Amino acid sequence: MKSHQVKLFYFFILVFVFTSISFTLIYKIPSPYLLIAPLGGLVLSSLFFLLFFNSYRKRIYRNLTFTLKLSQGIIDEQIYEQAEDEVGRLSDALNEVAIHLKFVINNFDEAIQGLLSIIEKVHRTSETVTSETKSQTLLLEDILHAFEHLDRSLKDVAQKAGNMADMAQITRKDAYESGNSIIEMINEINEISKSTKQIVEIIDVINDISDQTNLLALNAAIEAARAGEQGKGFAIVAMEIRKLAERSAEAANQIGELIQMSNKKVQKGTFLSKSAGSAVNKIFRGINNFADVVSKIKSITMNDSDKSISILHSLERVKEVSQNTVFQIRQLVNTALSLSDYTKNLSVILEKFNIKKDSSSLELTTRPDLLELEKK
Amino acid sequence: MESILKSEKDIQLIIFDINHVEYGISIDHVVEIVKLQPVIALPQGPSFIKGVINLRGKVIPIMDLRERFNVVSIRNTRQTGILIIDIEGKEVGLIVDRVIDVRVMALDNIKPTLPVMDGIKMQYVKGIAKYNDKLVIILNIQNVLSSEEKIFLQDTTIYEKPSG
Numbered sequence: 001m002k003s004h005q006v007k008l009f010y011f012f013i014l015v016f017v018f019t020s021i022s023f024t025l026i027y028k029i030p031s032p033y034l035l036i037a038p039l040g041g042l043v044l045s046s047l048f049f050l051l052f053f054n055s056y057r058k059r060i061y062r063n064l065t066f067t068l069k070l071s072q073g074i075i076d077e078q079i080y081e082q083a084e085d086e087v088g089r090l091s092d093a094l095n096e097v098a099i100h101l102k103f104v105i106n107n108f109d110e111a112i113q114g115l116l117s118i119i120e121k122v123h124r125t126s127e128t129v130t131s132e133t134k135s136q137t138l139l140l141e142d143i144l145h146a147f148e149h150l151d152r153s154l155k156d157v158a159q160k161a162g163n164m165a166d167m168a169q170i171t172r173k174d175a176y177e178s179g180n181s182i183i184e185m186i187n188e189i190n191e192i193s194k195s196t197k198q199i200v201e202i203i204d205v206i207n208d209i210s211d212q213t214n215l216l217a218l219n220a221a222i223e224a225a226r227a228g229e230q231g232k233g234f235a236i237v238a239m240e241i242r243k244l245a246e247r248s249a250e251a252a253n254q255i256g257e258l259i260q261m262s263n264k265k266v267q268k269g270t271f272l273s274k275s276a277g278s279a280v281n282k283i284f285r286g287i288n289n290f291a292d293v294v295s296k297i298k299s300i301t302m303n304d305s306d307k308s309i310s311i312l313h314s315l316e317r318v319k320e321v322s323q324n325t326v327f328q329i330r331q332l333v334n335t336a337l338s339l340s341d342y343t344k345n346l347s348v349i350l351e352k353f354n355i356k357k358d359s360s361s362l363e364l365t366t367r368p369d370l371l372e373l374e375k376k
Numbered sequence: 001m002e003s004i005l006k007s008e009k010d011i012q013l014i015i016f017d018i019n020h021v022e023y024g025i026s027i028d029h030v031v032e033i034v035k036l037q038p039v040i041a042l043p044q045g046p047s048f049i050k051g052v053i054n055l056r057g058k059v060i061p062i063m064d065l066r067e068r069f070n071v072v073s074i075r076n077t078r079q080t081g082i083l084i085i086d087i088e089g090k091e092v093g094l095i096v097d098r099v100i101d102v103r104v105m106a107l108d109n110i111k112p113t114l115p116v117m118d119g120i121k122m123q124y125v126k127g128i129a130k131y132n133d134k135l136v137i138i139l140n141i142q143n144v145l146s147s148e149e150k151i152f153l154q155d156t157t158i159y160e161k162p163s164g
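Residue numbers (this note's numbering), protein chains in the order written: chain E, 1 to 376; chain X, 1 to 164.
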């Protein structure tokens, strides 16, 4: 029933009461009738009023019930009211409230679901990251050990290379001295060779002299033959001279042979000395190269050792960082747990609202992963 | 002091070597022995004359006995010498590989030669003698030159005036 009808109803009762009183006063109608008429009007109007009031009360009660349900969280229902009076507008407003509340709660529920799944993801990711970081730390420790070993090896190599370089220096000096000795020896042999050449020249001179003596003796013999009997003695002298010349030639030849032999030996000695010289030279160069290589190895290994030390420091730093990462992830897990608690509280609050939803979506306390999360 | 020639039948020989064969000639024909010296070839000289040498101002025609004895490989050494011999009053130089010795030999020791000897014409050879188990070919040096050659040497004045 609309409000202007109620007003009309009250207006009608008033008119009826005033009309009854006016008729009674104007037409001097006896008072019992006069009393009956207004009373009858009053009774009638009271009846009408009661009827209207009752219907209003019922409608207000329905609204009240609906409001109470809303307050209890039952927001799925709607109140149906045809009338466009105040009660109808109240019902409409309550319906609106219910719809908005339902929308908000539904959205909120979805948000909680999303949040929980995100927390779960964060947790899982944290777990993965933790385990990865732990294995990374283990790997880092392995690498650290390997690098420590490598560093020791490098230092060992550097030290050995240093020893080798020292030894190579000593050997180089020895080889240099050997080379000098061989050069001196070659010079001495050359001197011998020169002397031998001079001896050969002298032998040539002796040979030449003996040849000439021989020739002179022969010619003397010829002259003696020419002289006949007078030349006999001279012929014998000439023969003796020739014999002497022959003997000196033989002696000179023997010397010559000996000198040739010694010359051959000198030549062989020269050759051998030169071979030895070139061998020593090669040794010298080889040792030089060796010393260079060894010193390079030394500097490289020392450099590498420095590098490996810096790598070791870096690796230590990385280890610290990863340990810190594990700590940070624990913090993150704790934060996620707190977030989970808050979300759980929210879902407990939401449970008050009896709305249609997935049976599992708000069972926060029964989620095994979250329980696990709690345990941690 | 013993005598060089023990008897009238002994002969004094100059022994020389050509291509490892010992030859002997009578010392009476030998004037002198000299070392090999540069032989000056004559452009228009006869083929048997190798050239001339200047021996203390004398111009001596030189012939190579090695060539005459058909030695294939002729090599001059320190010992290569020139025998200056007198052929019918004319001095001629003969190149030999080596003058070895002056030897006294008995004429009986010299035996007549075999009919054929390698490379040497038979008219050169007087005989063969044995000496210390070695054979010595005794040459008739006067026959080493042919009569034409001797005439050439006797007649020509080329050696006194080489330019003419």
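To be clear, the hints were calculated from the coordinates, so they are not data collected in a lab. Quantities reported herein were computed from a predicted structural model and do not represent experimental measurements. Some hints here could point you the wrong way.
[Said to hold, decoys possible] Label pairs and their computed distance ranges (CB to CB):
id, chain 1, residue 1, chain 2, residue 2, range
1, E, Lys268, X, Glu88, 39 to 47 Å
2, E, Ile202, X, Phe48, 36 to 44 Å
3, X, Asp17, E, Lys232, 22 to 30 Å
4, E, Glu184, X, Asp17, 29 to 37 Å
5, E, Ile202, X, Ser147, 19 to 27 Å
6, E, Glu184, X, Asp133, 27 to 35 Å
7, E, Ile202, X, Asn140, 38 to 46 Å
8, E, Leu216, X, Asp133, 25 to 33 Å
C-beta atoms are modelled at their ideal positions from N, C-alpha and C, and glycine is treated no differently.
Structure-based check of each hint:
no., hint, result
1, Lys268/E x Glu88/X: 39 to 47 Å, "violated, 59 Å"
2, Ile202/E x Phe48/X: 36 to 44 Å, "holds, 41 Å"
3, Asp17/X x Lys232/E: 22 to 30 Å, "holds, 27 Å"
4, Glu184/E x Asp17/X: 29 to 37 Å, "violated, 49 Å"
5, Ile202/E x Ser147/X: 19 to 27 Å, "violated, 50 Å"
6, Glu184/E x Asp133/X: 27 to 35 Å, "violated, 55 Å"
7, Ile202/E x Asn140/X: 38 to 46 Å, "holds, 43 Å"
8, Leu216/E x Asp133/X: 25 to 33 Å, "holds, 29 Å"
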